[in-house]
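Keeping the supplied structure of chain A fixed, place chain B upon it in accordance with the hints.
Protein chains: 2
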Amino acid sequence: MTTQEAKTIFRGHVAQMKALRHAMGILSYDGATTAPVESAEGRGRTLAYLSGCSYEIQTDPALEEAARYLSQHPEELSELERREIQLFRRGSEYTASIPRDEFVGYTTLLNKADAVWHKAKLDSDFASFAPLIREIFDANVRFAKYYKPDQAPYDTQLSRYEQGLTMARTDAFFGALKERIVPLLKRVMARPQVDDSFLWGKVYPTEVQRKFTDYLLELITVDRRRCGVGETEHPFTTFFNKKDVRVTTHYHEENPVYSMYSVIHEGGHALYELHSGDELEGTLLSGGASMSIHESQSRFMENYIGRSRAFIELIFPKMQELFPEQLAGVTAEQMYLAVNKAQPSLIRTEADELTYALHVLVRYEIEKGLFDGSIAVEELPGVWNAKYREYLGIDVPDDRRGVLQDSHWSNGNVGYFPSYALGSAYGAQLLAKMKQSVDVEGAIRSGDLRPITGWLEEHIWKYGKRYDPLELLEKALGEPFDPRYFTDYLEEKFTKIYGLD
Amino acid sequence: MTTQEAKTIFRGHVAQMKALRHAMGILSYDGATTAPVESAEGRGRTLAYLSGCSYEIQTDPALEEAARYLSQHPEELSELERREIQLFRRGSEYTASIPRDEFVGYTTLLNKADAVWHKAKLDSDFASFAPLIREIFDANVRFAKYYKPDQAPYDTQLSRYEQGLTMARTDAFFGALKERIVPLLKRVMARPQVDDSFLWGKVYPTEVQRKFTDYLLELITVDRRRCGVGETEHPFTTFFNKKDVRVTTHYHEENPVYSMYSVIHEGGHALYELHSGDELEGTLLSGGASMSIHESQSRFMENYIGRSRAFIELIFPKMQELFPEQLAGVTAEQMYLAVNKAQPSLIRTEADELTYALHVLVRYEIEKGLFDGSIAVEELPGVWNAKYREYLGIDVPDDRRGVLQDSHWSNGNVGYFPSYALGSAYGAQLLAKMKQSVDVEGAIRSGDLRPITGWLEEHIWKYGKRYDPLELLEKALGEPFDPRYFTDYLEEKFTKIYGLD
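Protein chains in written order, with the numbering used here: chain A, 1 to 501; chain B, 1 to 501.
Wrong hints could be hidden among the right ones.
Said to hold, decoys possible - Derived pair list, reagent style DSSO-like, types lysine-lysine, alpha-carbon separation capped at 27 Å:
| # | chain 1 | residue 1 | chain 2 | residue 2 |
| --- | --- | --- | --- | --- |
| 1 | A | LYS462 | A | LYS433 |
| 2 | B | LYS112 | A | LYS119 |
| 3 | B | LYS435 | B | LYS341 |
| 4 | B | LYS202 | A | LYS211 |
| 5 | B | LYS119 | A | LYS202 |
| 6 | B | LYS112 | A | LYS243 |
| 7 | A | LYS368 | A | LYS387 |
| 8 | A | LYS243 | B | LYS121 |
| 9 | A | LYS211 | B | LYS243 |
| 10 | A | LYS243 | B | LYS435 |
| 11 | A | LYS112 | B | LYS119 |
What the hints assert, rightly or not - Simulated DEER-style distance windows between Cβ atoms:
| # | chain 1 | residue 1 | chain 2 | residue 2 | range |
| --- | --- | --- | --- | --- | --- |
| 12 | A | HIS252 | B | SER71 | 27 to 35 Å |
| 13 | B | GLU79 | A | ASP214 | 54 to 62 Å |
| 14 | A | ASN411 | B | ALA96 | 38 to 46 Å |
| 15 | B | SER446 | A | ASN411 | 45 to 53 Å |
| 16 | B | ASP101 | A | ALA62 | 21 to 29 Å |
| 17 | B | ASP196 | A | GLU281 | 46 to 54 Å |
| 18 | A | HIS252 | B | GLU390 | 57 to 65 Å |
| 19 | B | TRP200 | A | GLU281 | 35 to 43 Å |
| 20 | A | SER28 | B | ARG484 | 48 to 56 Å |
| 21 | A | PRO61 | B | ASP138 | 42 to 50 Å |
| 22 | B | GLY105 | A | SER28 | 46 to 54 Å |
| 23 | A | ASP101 | B | SER128 | 53 to 61 Å |
No lab work stands behind these hints: they were computed from the structure.
Keep in mind it's a predicted model, so treat the numbers as computed, not measured.
Backbone N, C-alpha and C define an ideal beta-carbon position, used for all residues, glycine too.
Chain A with its partners taken away, still in its complex shape:
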């Protein structure tokens, strides 16, 4: 085999995998947005076929051989090619370490788990879902051991979502958060609550909210020629290439703030994908570096920009123009306080900026315990509820609003949760760094956010997956990651909002 032959095989297979992923992504997007309900069965068949094709291509011995050849001849590769081969081999070594039977069996297990979880959540029936959690966690422990026999399985698992992440690092991270956020939340709760009652009791028509979505996306510089907007039960972002990204939202007619922050959050994800370097298109290096870096960008837009006073003052005239009767007599300051109301709640996806990380902490501790055997599956509801009482000070009334609320475990996304909290913390430190060279507040007040998005493109977006997440982050920051930026930010912000001084 020559280098050129190996490169041709590699590029050809990558192109095929990307085409299949694109087709599967569109099928799923369509399923979540506009497909009729009974279409699920047929879609399932087609997705199964395409994922089989993808598995064949990914595990084609010719591809393995080409990748091995190329990794043994690094001097004949560009820097980008070396990185691409490295990432490919990381993924394929994990897959290849799992016996084919177990791999296929796991896919079947997840298909089943998804259906069981949906029903279990609806019925608040943990017992029916418990055996599947056990099987899923058992499989993940086993797979982690196949791949890295000498490493703690949960470390292996964390590192699959965030290269280099370990329990030690995550423990330290959450330790730093818990230490500051739990007492801060107690002080906040001792003060009179922010009044957001003016937001309720009116109707904000979906049609008008759609116009608000268009306004917000344009404001944060999302190029609509490359970004579609759909409507789904749960908002998400999906991406096929840098000219084709989709965000979704959910309109609640009783309150426009839900969709507003979904749009800004998903818009942040979209911006990241849309500004991946041109030279990375069609390679394995295009798109976001990891889930936590992705969340650092979406939460950056949502919280550090979208929940700032300057941003609310900027957009409030537009809100009043769109909802003149609903927001009559309301001030921008009232709106600023309302969108920053902090209070312990049951549901992670509805949590505010201050309490969000505590929801994630609960899940992290539980996953760790399930991996090392210190928590048994049947104890989960009790453990969950005790942690919500401890960290958030509230009682969980049922498992539907407790341990059964998230889809992650039924989808096999074990070790994924910490990314959410890390992303928030990364974002706070990026904001501090950005402020050294950009007048962030000034840019927001001017309505031209390009100094902000330009900085993010220059330091994060354009690099795609060229660097491992922590390396990319520290390159952008010019110093090591430090969660104190995040806790300082929270303390300063909520001290002012709740008059804690």
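Below, chain B alone, put in the same frame as chain A:
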């Protein structure tokens, strides 16, 4: 090879082809409905890859061998299997008769032609599109000769869209139409025109029209759990299986009638696909028998039901409820006349029930002339305009609204146009037959259309592709096809509307 082995190979390949077609169909549907504009390039790449996969499967020698084996052992097959093998071989023999190079070259040609046509239409620049029309028609003539060397190429081409259709049959059909419709139209045009001015000059908000769509689809018994609704520039229907069909419409805020008839028309297509026999699912026999039978169903709903006086009287209260200010003071009778206004026009897709077939006739005569060499490509605009003057009595101001208006030729759909007119005529005869056992008007007046849809399901829909189109039709009719039912219908209807007696 055993029969069982051959069947397994055949079924497996059919399932794969269906999965690929499903994925390609969803990509195209997404592209036409909600995809951002710049997504086209990436979608093109993925579609090209998937269509390559599909070609490989379709031309896999193992499949050919299995199909040949099965066709040689008809006694071991069920009736449905025999029919399926017959249809498969018909398609694969055509493809296989074309040298691979030419087949691939033709795909590339069509890709190019589509882009050139879009621009040519925009600029009303026939000269830039002419060389591509020539190449496309040349290729189709050549392919037809490869496949059936002893048959007139245009007969071969007609029969690809409508098995058994010939120029002789089509000439006779259009002759019968022309003879009655042209003089009828002249008499109509000599009378005072119907007044539909009340429909114009107001705004019919898209939001409200969407509710009207829901109402109409429910009324004609479309099961929305299996049928999605999208919005596109040009309305169409697409189908993936009998639990997943999509119709689209286009809302013109200045007039609700455009979308209303798009919805009823596409709803007719949807009903046909949704009621294909259960035993045909997953086989090559599911879905509509041919384009003309499909059009007979969509036009049945649109014209014979949707433009009837009973139907307008049924839905008019709902229209006034949805558009109370816009339709204040209007009567159902005024609406009935307005939706049946006949007048020569330039654009086929906007033509009324009376003139529609004449638009199709122009295209049929031109295709025939291009195939037999009696019309040269460069003469097309002149020929087109002369025929519009002769049959419709109007002057074509530019090629954009003339010979460049349709996408069919640039897409390679040569020989396809007659289906539209045949469909209308089939529908009229089906209506006459249906009336022998169903109180059609009574069913409409009652608001319960199931006696009508039940009859269509029983005589057309459930059979899928089990019979060739004409055979299916004549089975349903109990007599040969006769276009006089259509011309009689038109004469009776427009005589009354325009007071011709």
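Hints versus structure:
| no. | hint | result |
| --- | --- | --- |
| 1 | A:LYS462 - A:LYS433 | 18 Å, holds |
| 2 | B:LYS112 - A:LYS119 | 50 Å, violated |
| 3 | B:LYS435 - B:LYS341 | 25 Å, holds |
| 4 | B:LYS202 - A:LYS211 | 22 Å, holds |
| 5 | B:LYS119 - A:LYS202 | 48 Å, violated |
| 6 | B:LYS112 - A:LYS243 | 21 Å, holds |
| 7 | A:LYS368 - A:LYS387 | 14 Å, holds |
| 8 | A:LYS243 - B:LYS121 | 26 Å, holds |
| 9 | A:LYS211 - B:LYS243 | 33 Å, violated |
| 10 | A:LYS243 - B:LYS435 | 54 Å, violated |
| 11 | A:LYS112 - B:LYS119 | 50 Å, violated |
| 12 | A:HIS252 - B:SER71: 27 to 35 Å | 59 Å, violated |
| 13 | B:GLU79 - A:ASP214: 54 to 62 Å | 56 Å, holds |
| 14 | A:ASN411 - B:ALA96: 38 to 46 Å | 44 Å, holds |
| 15 | B:SER446 - A:ASN411: 45 to 53 Å | 49 Å, holds |
| 16 | B:ASP101 - A:ALA62: 21 to 29 Å | 26 Å, holds |
| 17 | B:ASP196 - A:GLU281: 46 to 54 Å | 52 Å, holds |
| 18 | A:HIS252 - B:GLU390: 57 to 65 Å | 60 Å, holds |
| 19 | B:TRP200 - A:GLU281: 35 to 43 Å | 48 Å, violated |
| 20 | A:SER28 - B:ARG484: 48 to 56 Å | 51 Å, holds |
| 21 | A:PRO61 - B:ASP138: 42 to 50 Å | 44 Å, holds |
| 22 | B:GLY105 - A:SER28: 46 to 54 Å | 35 Å, violated |
| 23 | A:ASP101 - B:SER128: 53 to 61 Å | 59 Å, holds |
Comparing the model with each numbered hint stated earlier shows that hints 2, 5, 9, 10, 11, 12, 19 and 22 do not hold.
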